[in-house]
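Peer 1: What follows is the residue order along each chain.
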Amino acid sequence: MSDLDVLVNALNAGRVSRREFVSRGIALGLSTTVLGSVLAACAQTAQKSGGPVDLTFVTWSYGIDTIKSNIAKFEAQNPNTTVAFQDFSWLNYHDTMVTRFVGKTPTDLAYSSDHWLQEWAAAGWLAPLEDHFSQVRSYRADYFPYVTSGMTYNGKVYGIPYYADTWAFLYNADHLQRAGLSGPPATWDELTEQAKTIKSKGIANYPVILLFAQDDPGSIEVWTSMVFSRTDGHLFDSSFHPVFNQPGSAAAKTIDWISGSLRDTKILDPASLQSQEIPVVKGMESGAHTFTILETYNQAELNNPGVNKLAGNFKMAPMPGETQGTVGYVRFYAATGQLINRGADAVGAAGKFLEYFGGKTGDQFSPVVKRWAVENGLGFGWKSLWNDAEVKTAFNKWGDSAMLQKNQELARAKDGLTKFYPSWDVFSRTELQKAYLGQVSTQDALKAMADKWNELQKA
Amino acid sequence: MAGQVRRRAAPGQASSHRERTYAYLTLLPALLIVAGFTVYPLVYSVYLSLHREILTDPLNHPFTGLTNYAQVLGSYYLVSSTLSTIIFAALAVPAVLAFGLAVALLLNQSFAGSAFLRVVILLPWAMPAVISGIVWRWIFNGDYGVLNNLLSSLGIIHQYIPWLSTPATARAGLVVAQVWREGPLAAIFLLAALQTIPRELYSAAKVDGGGGWSAFRHVTLPMLRPTLSIVLIYETIVAVVTFDLVYVMTGGGPGDATSLISWYAYTEVFKFVNLGHGAALAFLIAAALVVVILIYLRALRSEELY
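So the protein sequences, as listed, match chains C and Y.
When we follow the numbering used here, the leftmost residue of the first sequence carries the number 1, and every step to the right adds one.
When we follow the numbering used here, the leftmost residue of the second sequence carries the number 1, and every step to the right adds one.
Read the hints as simulated data drawn from the structure, not as lab findings.
Glycine included, each C-beta is placed from N, C-alpha and C at the ideal position.
Do not take every clue at face value.
Pair by pair, the computed Cβ-Cβ distance ranges are [claimed, not checked]:
| # | chain 1 | residue 1 | chain 2 | residue 2 | range |
| --- | --- | --- | --- | --- | --- |
| 1 | Y | A172 | C | Q135 | 50 to 58 Å |
| 2 | Y | V290 | C | K73 | 39 to 47 Å |
| 3 | C | E455 | Y | T38 | 46 to 54 Å |
| 4 | Y | L150 | C | Q135 | 39 to 47 Å |
| 5 | Y | Y144 | C | A389 | 36 to 44 Å |
| 6 | Y | L150 | C | K73 | 43 to 51 Å |
| 7 | Y | L59 | C | K309 | 41 to 49 Å |
| 8 | Y | I237 | C | T99 | 44 to 52 Å |
| 9 | Y | L59 | C | K156 | 13 to 21 Å |
| 10 | C | S61 | Y | G155 | 49 to 57 Å |
| 11 | Y | F243 | C | E455 | 22 to 30 Å |
| 12 | Y | Y296 | C | K309 | 54 to 62 Å |
| 13 | C | N78 | Y | L32 | 43 to 51 Å |
| 14 | C | R137 | Y | L289 | 34 to 42 Å |
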């Protein structure tokens, strides 16, 4: 029996992992091409034999220790399945994943987002979960509407929520009290007046800071939330035709408010244009700013006495504006087309993984779903999870569960989720910044955004 | 007789044929590597640039001729990014040359620690560009950046400046980071050239009454000209294809103020997932660079100095 035969037998018996097989094969002087062919043949054998399965799971870099510990627990419960885990920066996640998919880098399960679903599903990079994992259909009724919208492409559900949150208006209650203000603003004009008062009293030089860094995908969600909070806060009609470019639209009013706050009243920190999520949180923590819009889980960080001496001062209010609407978004576990092509064993193992990481059996939620909510304060897509006393208590430690729930009910998925939304989003971020800075007029920026939308739609 | 000659020549021809075959065979691995890593990607890029290659539409790749080139050339963003690139190169290249020359002249002097400085000066160049970008992004941060802190503690500014949030200061910040990263290499090149200038020329200049500035102008600068030309061409290429600093420091913003042409090509490929546009842009950038280099070579054709 040759050395290669011994190695192949060990791989088939599950005594060595695929990765170990490759390193030992290279040590034997075998080329990667030969090893690749052998691995492919072994994978087919494994599918027939119901042998061990390796899954590759890709995420963005958040809560890595928690993810690793969840994987370890899953592997302990499923000894036949090994999970290779990789993470990449949130800021570059889209580009990294596109490169992986195009280059056919092995990827079985991955985080995805409503931003990218349509693009990735249209390209065949993701598979509809409900076609392969029957339990997914039964979950649907318990999701908030924005969660289902964000995970649906061509009528099929492509994900199980990792977390589902809303953009929320947060403020420093101590600043308001010191300025003699009785409560948070209910409209954008009121916000301007309150911020001017706070500024004039020297409490904060720039009372407002917003996440508008051009390279942060969250920046378009903040802007869209501000649009949604206004009367007629829509970007597109039901046929996906732009309405944001009409004079006097909610989008135009939003840009005008931002531009005016940046250049005229100077209540908005100019550093907002380079501020990603963490700098905004740090800015609020330092007490340099009074108002912001962030994902709700950041309120847990702001009110954490272990890391912030101003903890307890940060409150959530409905989004200023007539409708108080905001964006609800979902980041979810998705399965790739590559996974489905690997056959029944890999799909079966992935099903168990998805169930463990994001599923629900009867009224029992998976331990991972509750863990993210309780330990990290991450929002969730399940309506019935609000009935869980442990979850409610955990959220009430740093926030107001009733307010959080209300925000979820007011939230909508982003308008215009199509396969070209990611391209339009990137294009629009540039145009919006130019309008905020006064380099182009509001109407010219909106016209350019509408033209780009129409061009992408035609292509 | 002729037949004899032919018979005698036959073994020689066979030997020559064997030698040629041997030569080709020994060259083959290198040729294959070059073909695999250079020729194939180049040819494939040409193919991409002539087809509709949008990654989200993987089954639809019709031949489109020069459409990608036409679309890219007609784009507002080509004009805007070209202008940004020209501004960036026009500021960064002379600044890198001036910085490199000043440092080289300093390090050409003998003083305590000069040998150590010659090594240390290369550090910014040896540092990965992404790390340089992160460092500079932090230095220029509008809320907690070191630069603001320094200027504020010196009483020069009374309010923090959001350096990377306004177009003019973001462009300037990018130039500063580029000079910091590229200046050391220029300095080392120029230092090497300075050390080859014969001392006798300075002695002769002194005898003729030429002092510091005069010797610099009439001896140093002409003798450095060939090296300066090389550094100028190299730094121009580097400035035009600068991508990493933009990627890390500004993401092309604010607005499109720092969207250099290489960033535009990147966004076409990775953000808009349009490989056809990206490949067409890459060829246009390469063609523009060739033209610029030819202009440089013609303008800076140096006299026989050595």
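Peer 1: Take the hints in turn and mark each one as holding or not.
Peer 2: The hints, checked one at a time:
1. In this structure the hint that Y:A172 and C:Q135 lie 50 to 58 Å apart at CB holds, the actual value being about 56 Å.
2. At roughly 58 Å, the beta carbons of Y:V290 and C:K73 sit outside the given window of 39 to 47 Å.
3. Remark: the range hint 46 to 54 Å for C:E455 to Y:T38 is contradicted by a beta-carbon distance near 35 Å.
4. The hint said 39 to 47 Å for the Cβ distance between Y:L150 and C:Q135, and at roughly 58 Å that hint is violated.
5. Distance hint for Y:Y144 and C:A389: a CB-CB separation of about 40 Å, consistent with the stated range 36 to 44 Å.
6. Distance hint check: the CB atoms of Y:L150 and C:K73 are about 49 Å apart, consistent with the given range 43 to 51 Å.
7. Here the CB-CB span from Y:L59 to C:K309 is close to 57 Å, at odds with the stated 41 to 49 Å.
8. A hinted range of 44 to 52 Å for the beta carbons of Y:I237 and C:T99 is inconsistent with their spacing of about 25 Å.
9. Remark: the range hint 13 to 21 Å for Y:L59 to C:K156 is upheld by a beta-carbon distance near 19 Å.
10. For C:S61 and Y:G155, the hinted distance range of 49 to 57 Å is not satisfied, since their beta carbons lie about 40 Å from each other.
11. In this structure, Y:F243 and C:E455 meet the distance hint of 22 to 30 Å, their C-beta atoms being roughly 25 Å apart.
12. Range check, Y:Y296 to C:K309: Cβ separation about 58 Å, and the 54 to 62 Å hint holds.
13. For the pair C:N78 and Y:L32, the supplied restraint of 43 to 51 Å holds, since their beta-carbon distance comes to about 45 Å.
14. Remark: the range hint 34 to 42 Å for C:R137 to Y:L289 is contradicted by a beta-carbon distance near 56 Å.
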